[in-house]
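Student: Protein chains in written order, with our numbering: chain R, 1 to 357; chain C, 1 to 357.
Some hints here could point you the wrong way.
To be verified - Derived, one-sided and incomplete: chain R residues facing chain C with beta-carbon distance under 10 Å:
#  : residue
1  : F14
2  : G50
3  : R51
4  : L52
5  : L60
6  : G63
7  : V97
8  : S143
9  : S245
10 : P269
11 : V270
As the list claims (entries may be wrong) - Only part of the chain R face toward chain C is listed, based on derived beta-carbon distances under 7 Å:
#  : residue
12 : M91
13 : S145
14 : A191
15 : L195
16 : G196
Just so you know, the hints here were simulated from the structure itself, not pulled from any lab data. By construction, the Cβ of each residue, glycine as well, lies at the ideal position given by its N, Cα and C atoms.
Number of protein chains: 2
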Amino acid sequence: MSEKFTPVSTVGEFGLIDRLMARVKGDDEPSELVVCGSGDDAAVYRATEGRLQVITTDALIEGVHFDRRFTPMSYLGIKVIAASVSDIAAMNARPRVATIALGIPRNVSLEMLESLYDGIALACKTYGVQLVGGDTTSSRALSMSVTIIGEAAAEDLVFRRGANVGDLLCVTGDLGASYAGLQILAEQRKALEELGEEYEPDLEPHRYVIDRHLKPEARLDFVDILEELRVRPSAMIDISDGLASELNHICTQSGVGATVQVSNLPFDPVTRAVADQFMQDVDMYAFFGGEDYELLFAAHPDDAQKVAHAGHCVIIGRVEEKSVGVRALSADGQIIPLDGSGGGGFDHFGGDGAPDP
Amino acid sequence: MSEKFTPVSTVGEFGLIDRLMARVKGDDEPSELVVCGSGDDAAVYRATEGRLQVITTDALIEGVHFDRRFTPMSYLGIKVIAASVSDIAAMNARPRVATIALGIPRNVSLEMLESLYDGIALACKTYGVQLVGGDTTSSRALSMSVTIIGEAAAEDLVFRRGANVGDLLCVTGDLGASYAGLQILAEQRKALEELGEEYEPDLEPHRYVIDRHLKPEARLDFVDILEELRVRPSAMIDISDGLASELNHICTQSGVGATVQVSNLPFDPVTRAVADQFMQDVDMYAFFGGEDYELLFAAHPDDAQKVAHAGHCVIIGRVEEKSVGVRALSADGQIIPLDGSGGGGFDHFGGDGAPDP
């Protein structure tokens, strides 16, 4: 990925932190928000009076969440920030400060880490987050653990637990693309292993789904959209583990059931083409693929239609009584249980980030 | 460590989080501080109006920071919280909420994680921290990344950069014990490897230094002491990498030099005995051993003497002009440079947590 390989050991731990923080230059400089950035025992920032603090932590670990051979370091930086910003957005809050703990193996160079931080800096700028500090340590696999703190007015916060029977279920963007991208990357990895280094993959036709997997975008823009439209969903969650898992979270915590119209699920044409290529059901990509980082929310029908009409979401189903369970209705009228009551069957998809389910 | 071995996979990711959060029961229940605990996309808490937020992140990784065979899981939980609380205390702030990202290898059982969380719960209770959430993922080595957010009034905060020429340098507690404990554990590990599982180590005579290494205490109590005595140090840092490293941080950031009287360094008799046993210089344990988690601070002579007189610190030296450098003065009048100007010589000690210096 980089021609030059400077061992991290040549600059030492504190030199490394200086070098990396220089990539996010100014982020930890004293400001209205940041009273004291990195370089002390802890960073100091100023919370906004009258706002609640929203905190989330996410880890990305090499070999579990990503394959470094197929992931440009700058993309990794983008992804690790986006994944946490997505959690903040799902609370209808806005991110403010971030810290990162890096575990660095010997085969990662200073240049690679600088590229990682370029991605982090880009994502931080995109989402208006300030990186105020962190920790670096050696480790066997590259690991990144990000904590982001955001803020929201108490009345704006949206939890998973607020969905009401009769609400409509909506998703932003399109689904399953990240899983489609993962499929393509896995195929390319296999080809590379079989054909050796001379194999040159042509990733361009699948660029959209690959990018959705490698450098997802958090839907923080949707928090602005909700504010503009003066809509507050009754429940919201980000789609990191797959639509089925997220639906179950909302339904369990809200004490409700749900029916999803499979024919309403939004897909990009490239995602459909990948599913066709692998002779797989594209709907399953949406339900169990994960890492789309779109938002699933429940809202009063008037609100849902307002957002859908403005082109910012699609309505995929309805919140029902708890007794209905959590299910999908296919175009030909088949009922597909999504709450495990059908005895599973899709378990082989698994959820990314789960400890070996 | 535990007779029973329930694979983590049997409870799944969300079951695991429920099981673990039950060990810190109540911590993430809604309260004046915690508006929404774990179980949503992010946790929500209320910052205290008029206070600044102080944030720190620390990672502990198996094989880098600890050897699981010699570290009871509950101690690890205590240590990972204490290390971050120590950073907050070094800012003269008090911790409030914490998140943890866990990387879990297959050979770690549910019981072991529950024991880890018992340690985390105990430490959280000790320091008045509420664990509000986190992330779990599979990984090759056990890793824990903790973020703690604390608070302080702006006028109470103490940075590294405030030391003034003429201030006295002080440390709390005693030094070098953690390194002495590590030496004993390394010796026992070697014996165990040579003599096999039948070898039963007698750790009791060295319990103090072993405990100082395995389950250190953060000196949050010293923040209370400073408040009671109405003393605000001019600069403060926690001793995690060794006195020499911390002294250099304070001096570099304050633009000053320092002279430490070696004969004033405080040691426990057990620490001295271990150094004698290994025919090592106990002073080097203090300067380069690390992980003591005591506090090093600079203060106006009147303030320093007030704290020392009350028995809460010892005065070990004086802040000098920058031109003096950072140095130690031995009992026989020898000058030992601590800022690397002497060409090193102690580099083999290394700093724990540094990426392979």
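Student: Holds or violated: is the Cβ of R/V270 closer than 10 Å to a Cβ in chain C?
Tutor: With Cβ-Cβ at 28 Å, over 10 Å, it is violated.
Student: Hold the hint about R/P269 up to the distance rule: shortest CB distance to chain C must be less than 10 Å.
Tutor: With a closest approach of 30 Å, the R/P269 hint is violated.
Student: Interface hint check: R/L52, Cβ to nearest Cβ on chain C, cutoff 10 Å. Holds or violated?
Tutor: Since chain C brings a Cβ to about 5 Å from R/L52, closer than 10 Å, the hint holds.
Student: Per the CB criterion, is R/S245 less than 10 Å away from chain C?
Tutor: Interface hint status for R/S245: holds (9 Å vs cutoff 10 Å).
Student: Hint validation: R/R51 versus chain C, beta carbon distance must be below 10 Å. Holds or violated?
Tutor: holds, 8 Å
Student: Mind checking the CB of R/L60 against every CB in chain C and telling me if the closest is under 10 Å?
Tutor: Holds - the Cβ of R/L60 comes within 10 Å of chain C, reaching about 8 Å at its closest.
Student: Classify the hint on R/F14 as holds or violated, based on whether any CB of chain C lies nearer than 10 Å to its CB.
Tutor: R/F14 check passes; min Cβ-Cβ to chain C is 8 Å, inside 10 Å.
Student: Given a cut of 7 Å on the nearest C-beta pair, is the interface hint for R/G196 held or broken against chain C?
Tutor: violated, 26 Å
Student: Would the hint on R/A191 be counted as holding, given a Cβ-Cβ threshold of 7 Å to chain C?
Tutor: violated, 26 Å
Student: Does R/S145 meet its interface restraint, that is, does its C-beta lie within less than 7 Å of any C-beta in chain C?
Tutor: Holds, about 4 Å.
Student: Holds or violated: the hint that R/G50 contacts chain C, with Cβ atoms closer than 10 Å.
Tutor: Constraint on R/G50 satisfied, holds at 8 Å.
Student: Was the hint right that R/L195 lines chain C, CB cutoff 7 Å?
Tutor: violated, 28 Å
Going down the numbered hints, you'll see the structure goes against 10, 11, 14, 15, 16, while the others check out.
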